[in-house]
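Count the sequence shown with the numbering used here and you get residues 1 to 574, in order.
Watch out, some of these pointers could steer you wrong.
Unchecked claim - Here are the computed distance ranges between Cβ atoms for each label pair:
id, residue 1, residue 2, range
1, 238, 382, 31 to 39 Å
2, 263, 570, 30 to 38 Å
3, 433, 308, 51 to 59 Å
4, 226, 176, 43 to 51 Å
5, 307, 145, 42 to 50 Å
6, 179, 64, 22 to 30 Å
Think of the hints as simulated: they come from the structure by calculation, not from any bench.
Cβ coordinates follow ideal geometry from the N, Cα and C atoms, glycine included.
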Amino acid sequence: MTTLTLAISGSGGAGAISTGELVLRLYAEVGGYGMLKKTFSPQIRGGESAAILRLGDAPVSTIPATIDLLVALDWQNFARFADEVPISASTLVLHTGTDVPPPGVTPDNLLTVDAPGIAATADSGWLNMVFFGMLASGLGCTCAAAETLLRARLEKHDDAVLDAACRALQAGFAQALPDPLRELLATLPVPAATAPGQPQRWLASGNQMAALGALEAGVRFVAAYPITPASDLLEWLAHHIEHYGGHLVQAEDELAAINMVIGAGFGGVPAMTATSGPGMALMSEAMGLAVASETAAVVVDVMRGGPSTGIPTKSEQSDLNLALYGMHGDAPHIVLAAQSIADCHFTAAWAVHLATRLQTLVIVLSDQSLGQSIQVIDAPGSDCPRAAVDSSQEAEPYLRYRDTDSGVSPLALPGEPGHMYTADGLEHSENAIPSPRARDHRMQLDKRWRKLADWDFGGHWAELVGQVDQRPVILCMGSVTATALEAQAAMAGAGREVAVLSLRLLAPLPTKQLATLLASGTRLLVVEHNHGAQLWHYLRSLLPQLAFESLALPGPTAIQPRDIYTALEAANAT
């Protein structure tokens with residue numbers, strides 16, 4: 001596979017992100033593959049932003065640490081990207097020359113493009129569109145295709161704005177490219193157009209895929225309170241849920257949002273919300289209500305750096321402990337982790353299915369990298385799980401919290417004759433009457449745990465790539481999965497076989513299956529994107545007989561394949 005990694009950076013509002021999205025979409029339309037990572041300032045307005053793209057002639061799922069090309073629309077606050085957009089001696093840097101580059105950018109790798117002059121000649125002020133035109137030309141695309149995309153992007157603007165942007169694009173496309181830029185872009189093959197009959201490809205983010213999966217599974221009510229980086233999941237739902245016959249309400253805060261979701265679930269309507277760590281912390285008491293009342297509720301947590309406000313626009317997997325343990329009392333619930341941008345679709349749909357079938361809370365862990373990155377993926381199949389609301393009409397007397405063998409009690413929807421019951425958060429007897437008795441409390445605790453512990457989750461609990469027998473195993477979750485797979489491929493190229501096990505079901509953890517599967521592995525390396533090795537501690541607590549090793553690195557910089565195989569090689573050397 002041949003790839004090219006480029007970054008477009010600038011101050012907030014300079015158009016770095018939109019330019020990157022246009023480049024990726026244009027390259028995808030001519031048959032290429034790619035991925036775009038967005039990185040923002042934590043400021044609400046202004047600050048810095050950058051789009052980091054990796055383009056290739058085969059599917060791309062990670063962003064490497066090295067940058068081949070940097071387009072600097074300006075240098076304002078660029079130093080804040082020092083870790084995420086590293087400039088090396090081999091990086092080709094384009095800038096406008098209107099401000100001074102930071103230390104480390106030398107004349108040897110710096111090219112000045114008079115984008116302001118080119119745009120002014122075209123009677124336009126769109127500097128970023130000049131660069132878009134140059135990149136479109138160098139990637140072998142047509143100006144007409146680039147302009148079509150641009151017009152679609154700016155369709156809500158008036159004609160004067162749209163025409164000015166298109167003139168800048170055309171002027172950039174007509175420029176003779178500097179030799180270093182032309183030669184660099186030529187290293188990336190012009191992809192062949194998608195042949196008829198091949199699977200349809202989408203350009204989507206994890207937030208969009210999770211939203212679509214939830215809708216297709218049957219979610220018809222969403223309560224939302226905006227929070228980075230989950231807001232665009234909610235914004236996408238706001239534009240599409242009514243097409244499915246559902247509704248989205250923006251609540252006054254996270255407490256109201258989760259209680260609205262519980263209310264909808266009580267009424268038999270599959271419902272969800274999406275948030276990030278601070279919002280989920282506020283929801284913890286109400287999530288316990290969903291567990292105690294055995295009401296279906298789905299919460300998608302798009303994780304970010306913490307604690308407190310932390311680094312709200314950067315990725316980290318540091319909410320695992322909150323998702324597992326963040327409720328008072330014994331509150332058994334389900335925790336899932338989406339494994340990729342594409343898998344956000346399946347995992348969100350599975351969450352809706354499990355929540356409604358088992359009458360419980362399901363938390364789905366995503367993260368900023370999965371949620372807001374954009375990737376060229378194959379369109380999902382039509383076999384995603386569906387909501388399974390079971391409105392039982394059993395014989396009298398109706399016992400809402402009957403102690404059944406499966407742990408799943410009969411569920412009647414409000415208004416069904418002869419099936420009335422008290423609904424609140426107090427502990428209760430089988431007939432739902434509040435009860436402080438030890439017998440009733442123990443019965444309901446056992447029942448709520450049993451329905452999860454005894455449920456057959458099938459083969460969806462994890463994805464295994466490679467053979468475990470007498471090989472090292474990399475255990476991971478979420479966005480680290482793609483990095484682990486790339487490390488696995490690199491090690492295979494060097495003659496070392498390793499397996500990758502990505503966990504989708506984190507609670508209840510399938511300990512028997514894990515113990516059996518991992519028993520023959522020579523080493524068990526748990527790789528995660530947080531400081532406290534939360535997944536490593538969790539696995540050790542439930543599987544103390546297995547010798548787990550840990551590689552835990554915090555954000556905001558992403559874990560790289562070399563971090564993983566360096567950890568494995570270092571241990572071998574000792």
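These are the hints, each one checked on the structure:
1. 238 x 382: 31 to 39 Å: violated, 24 Å
2. 263 x 570: 30 to 38 Å: violated, 53 Å
3. 433 x 308: 51 to 59 Å: At 42 Å between Cβs, range violated.
4. 226 x 176: 43 to 51 Å: holds, 45 Å
5. 307 x 145: 42 to 50 Å: holds, 46 Å
6. 179 x 64: 22 to 30 Å: holds, 25 Å
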